[in-house]
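K.L.:
Next come the chains, spelled out residue by residue.
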Amino acid sequence: MFTFVALKIRYMAKDKDDIIEDVTGGEYKYGFVTNIETETIGKGLSEDVVRLISKKKEEPEWMLEFRLKAYRHWLTLEVPTWAYLDMPEIDYQDVIYYAAPKQTEDKEWDDVDPELKDTFNKLGIPLEEQMALSGIAVDAVMDSVSVKTTFKETLAEKGIIFCSFSEAVIHHPDLVQKYLGKVVSYRDNFYAALNSAVFSDGSFCYIPKGVRCPMELSTYFRINAAETGQFERTLIVAEDDSYVSYLEGCTAPQRDENQLHAAIVEIIAMDNAEVKYSTVQNWYPGNKEGKGGIFNFVTKRGLCEGVNSRITWTQVETGSAITWKYPSTILKGDGSSSEFYSVAVTNNHQQADTGSKMIHIGNNTKSTIVSKGISAGKSRNSYRGLVKVAKDCKGARNFSQCDSLLLGDECGAHTFPYLDVQNPSAMVEHEATTSKIGEDQLFYCNQRGISTEDAIGLIVNGYAKEVINKMPMEFAVEAQKLLQISLEGSVG
Amino acid sequence: MLVIKDLHAKIGDKEILKGINLEVKPGEVHAIMGPNGAGKSTLSSVLAGREVFDVTKGEVTFEGKNLLELPAEDRAREGIFMSFQYPVEIPGVSTVNFLKTAVNEHRKYKGIDPLSAGDFLKLMREKQALVQMDAKLMNRSVNEGFSGGEKKKNEIFQMAMLEPKLSILDETDSGLDIDALRIVSNGVNVLKTPETSTIVITHYQRLLDYIVPDVVHVLYDGRIVKTAGKELVAELEEKGYDWIKKEIEGK
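Same order as they appear, the protein sequences are chains A and B. Mapping of the first sequence onto our numbering: position 167 corresponds to residue 167, and the numbering continues sequentially without gaps. Mapping of the second sequence onto our numbering: position 116 corresponds to residue 1116, and the numbering continues sequentially without gaps.
Fair warning: there could be bad hints in the mix.
With a Cα cut of at most 30 Å, we get these calculated DSBU-like pairs of lysine-lysine [unchecked claim]:
{"id": "1", "chain 1": "A", "residue 1": "K182", "chain 2": "A", "residue 2": "K291"}
{"id": "2", "chain 1": "B", "residue 1": "K1010", "chain 2": "A", "residue 2": "K436"}
{"id": "3", "chain 1": "A", "residue 1": "K465", "chain 2": "B", "residue 2": "K1108"}
{"id": "4", "chain 1": "A", "residue 1": "K465", "chain 2": "A", "residue 2": "K182"}
{"id": "5", "chain 1": "A", "residue 1": "K366", "chain 2": "A", "residue 2": "K378"}
{"id": "6", "chain 1": "A", "residue 1": "K43", "chain 2": "A", "residue 2": "K69"}
{"id": "7", "chain 1": "A", "residue 1": "K436", "chain 2": "B", "residue 2": "K1246"}
{"id": "8", "chain 1": "A", "residue 1": "K465", "chain 2": "B", "residue 2": "K1122"}
{"id": "9", "chain 1": "B", "residue 1": "K1246", "chain 2": "B", "residue 2": "K1230"}
{"id": "10", "chain 1": "A", "residue 1": "K69", "chain 2": "A", "residue 2": "K182"}
{"id": "11", "chain 1": "A", "residue 1": "K43", "chain 2": "A", "residue 2": "K55"}
{"id": "12", "chain 1": "B", "residue 1": "K1136", "chain 2": "A", "residue 2": "K465"}
{"id": "13", "chain 1": "B", "residue 1": "K1018", "chain 2": "B", "residue 2": "K1245"}
{"id": "14", "chain 1": "B", "residue 1": "K1122", "chain 2": "B", "residue 2": "K1110"}
{"id": "15", "chain 1": "B", "residue 1": "K1246", "chain 2": "B", "residue 2": "K1165"}
{"id": "16", "chain 1": "A", "residue 1": "K378", "chain 2": "A", "residue 2": "K436"}
{"id": "17", "chain 1": "A", "residue 1": "K182", "chain 2": "A", "residue 2": "K332"}
{"id": "18", "chain 1": "B", "residue 1": "K1100", "chain 2": "A", "residue 2": "K465"}
{"id": "19", "chain 1": "A", "residue 1": "K470", "chain 2": "B", "residue 2": "K1226"}
{"id": "20", "chain 1": "A", "residue 1": "K55", "chain 2": "A", "residue 2": "K182"}
{"id": "21", "chain 1": "B", "residue 1": "K1057", "chain 2": "B", "residue 2": "K1165"}
{"id": "22", "chain 1": "B", "residue 1": "K1057", "chain 2": "A", "residue 2": "K436"}
{"id": "23", "chain 1": "B", "residue 1": "K1010", "chain 2": "B", "residue 2": "K1025"}
{"id": "24", "chain 1": "A", "residue 1": "K436", "chain 2": "B", "residue 2": "K1136"}
{"id": "25", "chain 1": "B", "residue 1": "K1100", "chain 2": "A", "residue 2": "K470"}
{"id": "26", "chain 1": "B", "residue 1": "K1018", "chain 2": "B", "residue 2": "K1226"}
No lab work stands behind these hints: they were computed from the structure.
Next comes chain B alone, as it looks inside the complex:
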């Protein structure tokens, strides 16, 4: 589904991604771990199409299409969803109105008729139940006054509403207590299908106890330096990242 070849990206004069290679097949869950500053958030921003980063080299193909050619909104409409680490607030714009616009934009892109107000509300209630989202938050402005946990739940709720092919969860666990973590993870798991894929970016093992990865990568200094199965997670938790750094310097 997603093929990244030798991806280099910088912000201003600073090169952050120094040759990323990654392949994600339908139905797979990939975890990307690594120390701070490795480029994990940069990778997700570049995939999502944030213009503040410049891609200097490499290719990214999504479902056979050249992703780097598409503007951010088209990448989203093609089926890429990013759950933000720090979801921003949009005062004055209600969550309902925001999501209705988003859902209908996706439908328009695919050539489907927009949802009527009634059908949209039905969809919303269905998805709210699915991911245990508090209905009271719907009429508030997007993320305005939401607690950390509510913001993250709102991200997963939006994911449920938009039904993406590829979800990128950027440090979804940061700022969550144990219960919120469980609810958010449950939401992600419930939405998984053999056709959809997930990239989970995180520091910690705990989230990966709930959202179990098929493949685990370590991102260090702008490159993926190690790829293995889920047993790597426990090893990292035990040994930390220094072990990896030494391994690389040793080579």
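Isolated chain A, as found in the complex:
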């Protein structure tokens, strides 16, 4: 069909122009709102709201039961306060839990609301071009409802299922029922319970035995209507000997009110399967005074169920007013392995409490954590990690490295590493560094004709190189762009 190399070159060339445009632009580029009629349920959460959501999505009984169980459990829980974060109190009754653009499911692509299409174009994902050129199947989620899933047919030939979560509930109920909540139970935490009750939509991906997914799978998110929480739910299942690389990229418009984003991502990898999950996140971070911005409270977890299975998490997080997430892996299968590579940037008044948990249960399991934090402005950036080795787990290996880079003298970087090792055969290493960009380094660059903004970009990208190199190329380019833009105005 399309040669993969040619596609990548074309994609790269397009991005180069984007880079120049974006870097000289500076301001949060995606700050606009689409005036599409959205159908919203009134504010507040109750059992009736949960039933209404389920009814609107035409869900089967078992799905409604799942939601109700989660909702009832949520009512018994209290907001967790152990994170190193300054959080305003959220009134959960002051949130709208469902907003879908008026859209009938059976429309042809040509009939799709032109304003909707325009929104996607502004966000830089012209679906037509993506379909024709990039070979990346895109599942675009717009305010809780998937608008379009492309390449379904191509993937279907290989038996790969890649569709919206809502569709999966209706068309692949057995698969969803089998795996939903097995990695992140609704009992796991406050936000997991909330998500399980009111999740709007997300992606479902299933790779059958022995199949190697030939293209990067990608999802694109957007929060639009005011006071709508985004509650995505993603489930990825990779059967024996399969492979998939999944990209998640998000933007959100400029709003004054804080917006809640409590998502769940579950990944299951069977024998010898490999799942790569990459994220570039630049949700609206709030303005320079710290007003507004997204609250990003996410539970992401992978289960290496099978022998020699492998799950890799790669993330570049530059947005959100508050980021609270720990992509984690349970290493159950013998010989399974997991890697976590992260660059988290905080500027102005942003806060992040993020890291990873690696739970070693099976024998000879391996994990790697490389976390690069960059703090600027008055922000607060914390790494929190857990490496746990179970009593009967033999031959576990872990290497963790958490580095902090401070720009200026009003920001903070903190580390909370937890090592819980119950078996004497385990080898667990932890390294940490803290560094600053010195005025003398910036002046050296200036004296060679490089502006301070560009110098910071060079130095920060050099610092984050190890993580960025792990990302699929298209994402790596956007990530580098993002790093530079998110640190503008942080000279000091």
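Since the structure of chain A is provided, determine the placement of chain B on it from the hints.
P.N.:
Just chain B now, kept in the frame of chain A:
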């Protein structure tokens, strides 16, 4: 090319430059010597545009432009290059990438198209040969783990790549052994043209044996107190700076 009139500069509350007057014409090599604390490094930092110093009085004109109005990166793009006494390390940024960015910034400023990767590599190899720079250092991070001599050679290599109009060599000889000194000096000499100028800041005669100055100045207590031809160097080496100090106090 460079005209400095009555330049005063301070850092914090301390005044360091107390009225510098200097004129450098195209093709000239000026040496600035003087005891520690005289203000030699301050002068080079102020010319390069380091913001930690405040200019309180005076004018500096470079190629007819008011230099003091320009930020450091523009001064560099106008054609001023400073070889640092203590070149700083920049981990994570490869020398190749760093120089490519610098070279293309200079070109952009002048309205020329940036160099393609291929052309840039060709330029690099050419200049490496010219100043005897070890190619193996190119893929390492800027100055990271470089020996003193390698750092200074890297400064001259960068000078070769950026082709400045005015080079300011701030104590380039400090930390160099005899062989490194010869190689570095050779690099500087090879790059000299009748249109370009050099200011060499140093304590010692030896460097000036290799990079021969047209004019020699002595900087003392924030002012240029003596200007003469290259014979002054030998006289200073013989008599030290006390002789100058006495001469001034005597006046």
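K.L.:
Each of the hints needs a verdict: does it hold here or not?
P.N.:
Here is how each hint holds up against the structure:
no., hint, verdict
1, K182(A) x K291(A), "37 Å, violated"
2, K1010(B) x K436(A), "26 Å, holds"
3, K465(A) x K1108(B), "26 Å, holds"
4, K465(A) x K182(A), "35 Å, violated"
5, K366(A) x K378(A), "36 Å, violated"
6, K43(A) x K69(A), "21 Å, holds"
7, K436(A) x K1246(B), "46 Å, violated"
8, K465(A) x K1122(B), "26 Å, holds"
9, K1246(B) x K1230(B), "21 Å, holds"
10, K69(A) x K182(A), "15 Å, holds"
11, K43(A) x K55(A), "17 Å, holds"
12, K1136(B) x K465(A), "21 Å, holds"
13, K1018(B) x K1245(B), "16 Å, holds"
14, K1122(B) x K1110(B), "21 Å, holds"
15, K1246(B) x K1165(B), "37 Å, violated"
16, K378(A) x K436(A), "15 Å, holds"
17, K182(A) x K332(A), "13 Å, holds"
18, K1100(B) x K465(A), "18 Å, holds"
19, K470(A) x K1226(B), "60 Å, violated"
20, K55(A) x K182(A), "24 Å, holds"
21, K1057(B) x K1165(B), "25 Å, holds"
22, K1057(B) x K436(A), "34 Å, violated"
23, K1010(B) x K1025(B), "27 Å, holds"
24, K436(A) x K1136(B), "27 Å, holds"
25, K1100(B) x K470(A), "24 Å, holds"
26, K1018(B) x K1226(B), "15 Å, holds"
In terms of the numbered hints stated before, the structure departs from hints 1, 4, 5, 7, 15, 19, 22, listed from lowest to highest.
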